[in-house]
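*Asks:* Read in order, the letters of the sequence shown are residues 0 to 178 in the numbering used here.
Just to be clear, a hint being listed does not mean it is correct.
What the hints assert, rightly or not - Derived lysine-lysine pairs resembling DSBU-like cross-links, with alpha carbons at most 30 angstroms apart:
hint : residue 1 : residue 2
1    : Lys132    : Lys173
2    : Lys132    : Lys75
3    : Lys59     : Lys84
4    : Lys29     : Lys84
5    : Lys52     : Lys158
6    : Lys175    : Lys34
7    : Lys38     : Lys52
8    : Lys34     : Lys75
9    : Lys59     : Lys176
10   : Lys38     : Lys60
11   : Lys176    : Lys43
12   : Lys87     : Lys29
13   : Lys84     : Lys34
14   : Lys175    : Lys59
15   : Lys87     : Lys75
16   : Lys52     : Lys176
17   : Lys52     : Lys29
18   : Lys173    : Lys43
19   : Lys41     : Lys52
20   : Lys75     : Lys175
21   : Lys176    : Lys41
22   : Lys173    : Lys84
23   : Lys87     : Lys59
24   : Lys38     : Lys158
25   : Lys175    : Lys43
26   : Lys132    : Lys41
27   : Lys75     : Lys52
28   : Lys60     : Lys43
29   : Lys173    : Lys29
30   : Lys87     : Lys34
31   : Lys84     : Lys60
32   : Lys75     : Lys43
33   : Lys158    : Lys176
34   : Lys87     : Lys132
35   : Lys176    : Lys75
36   : Lys43     : Lys29
37   : Lys52     : Lys34
38   : Lys175    : Lys38
39   : Lys59     : Lys38
40   : Lys52     : Lys132
FYI, nobody ran anything at the bench for these hints, they're computed from the structure.
None of the values given here were measured: they were computed from a predicted structure.
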Amino acid sequence: MIRMLMLMSLITLALGCVKLEPRRPVNKQKQIFLKESAKRNKNKLAIEQELFKQVITNDKKLEYNATPQGFWYAYKQRGENQYLKPVKGDRVTFSYRIEDLNQNLLYDEEQLGIVSFHVDQEDLIPALREGVKYLTPGDIAVFLFPSYLCFGYQGDGEKIGVNQPLRFTIELLKLKKLN
């Protein structure tokens, strides 16, 4: 019995002194793919931003503003209370239309209907979730959204293409504050 314990201790001691090597990734292709994908997305975003600048230059009627989220917006009409903007949890009701950057109509307000949702608490495309936060009741604004905020690499399977930046016109009809 003592021999057995001594043998086990000796084996444990011998194995405990072995230097362990850190594990390396088995699939280096995945890392390369992710880096290339990030590079492609940055290039695509730069191209979309250039397209936005062209649209803004050609649209002399509106004064566009850039946002930290990467989209542009301009007011066509302002509501009465400019201090009453939606925040998380507020219920907003709005109508909108979708056009390509050349202002070719893809979907109008009748096709899309009136939308009502709780800000930042319900599932809606990111373009709409973010865009309504810049509006007050009665505002009508034009938004230039990059493809990653709209329908991305899938499109909608009908009128909106793959990686297509879009022009939305949104009218905030109602705002019901949470508190």
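*Asks:* Just to be careful, I want the Cα atoms of Lys38 and Lys52 compared with a cutoff of 30 angstroms; is the pair within it?
*Replies:* The given pair, whose Cα atoms are some 21 angstroms apart, holds under the 30 angstroms limit.
*Asks:* Given the hint that Lys52 pairs with Lys132, test it: the Cα-Cα distance must not exceed 30 angstroms.
*Replies:* Since the Cα atoms of Lys52 and Lys132 sit roughly 23 angstroms apart, the hinted pair holds (cutoff 30 angstroms).
*Asks:* Given the hinted pair Lys173 and Lys29, is their alpha-carbon gap at most 30 angstroms?
*Replies:* violated (47 angstroms)
*Asks:* Would you mind confirming whether the straight-line C-alpha gap from Lys176 to Lys75 stays at or under 30 angstroms?
*Replies:* holds (24 angstroms)
*Asks:* Are the Cα positions of Lys87 and Lys132 separated by 30 angstroms at most?
*Replies:* Holds, at about 9 angstroms.
*Asks:* Take a quick look at whether Lys75 and Lys43 sit within 30 angstroms of each other, Cα to Cα.
*Replies:* holds (28 angstroms)
*Asks:* Given the hinted pair Lys87 and Lys29, is their alpha-carbon gap at most 30 angstroms?
*Replies:* violated (37 angstroms)
*Asks:* Checking one constraint from the list: CA of Lys175 to CA of Lys43, max 30 angstroms. Satisfied?
*Replies:* Between Lys175 and Lys43 the Cα gap is close to 37 angstroms, so the pair fails against 30 angstroms, i.e. violated.
*Asks:* Quick one, are Lys52 and Lys158 close enough, alpha carbons at most 30 angstroms?
*Replies:* The hint holds at about 24 angstroms.
*Asks:* Please verify whether Lys43 and Lys29 have alpha carbons no more than 30 angstroms apart.
*Replies:* holds (21 angstroms)
*Asks:* Does the alpha-carbon distance linking Lys75 and Lys52 stay inside the 30 angstroms limit?
*Replies:* Holds, because 18 angstroms separates the two Cα atoms, which is no more than 30 angstroms.
*Asks:* Straight-line Cα separation of Lys52 and Lys34 no greater than 30 angstroms?
*Replies:* holds (27 angstroms)
In this structure, the earlier hints numbered 4, 6, 8, 9, 10, 11, 12, 13, 14, 16, 17, 18, 21, 23, 25, 29, 30, 33, 38, 39 are contradicted, and the remaining ones agree with it.
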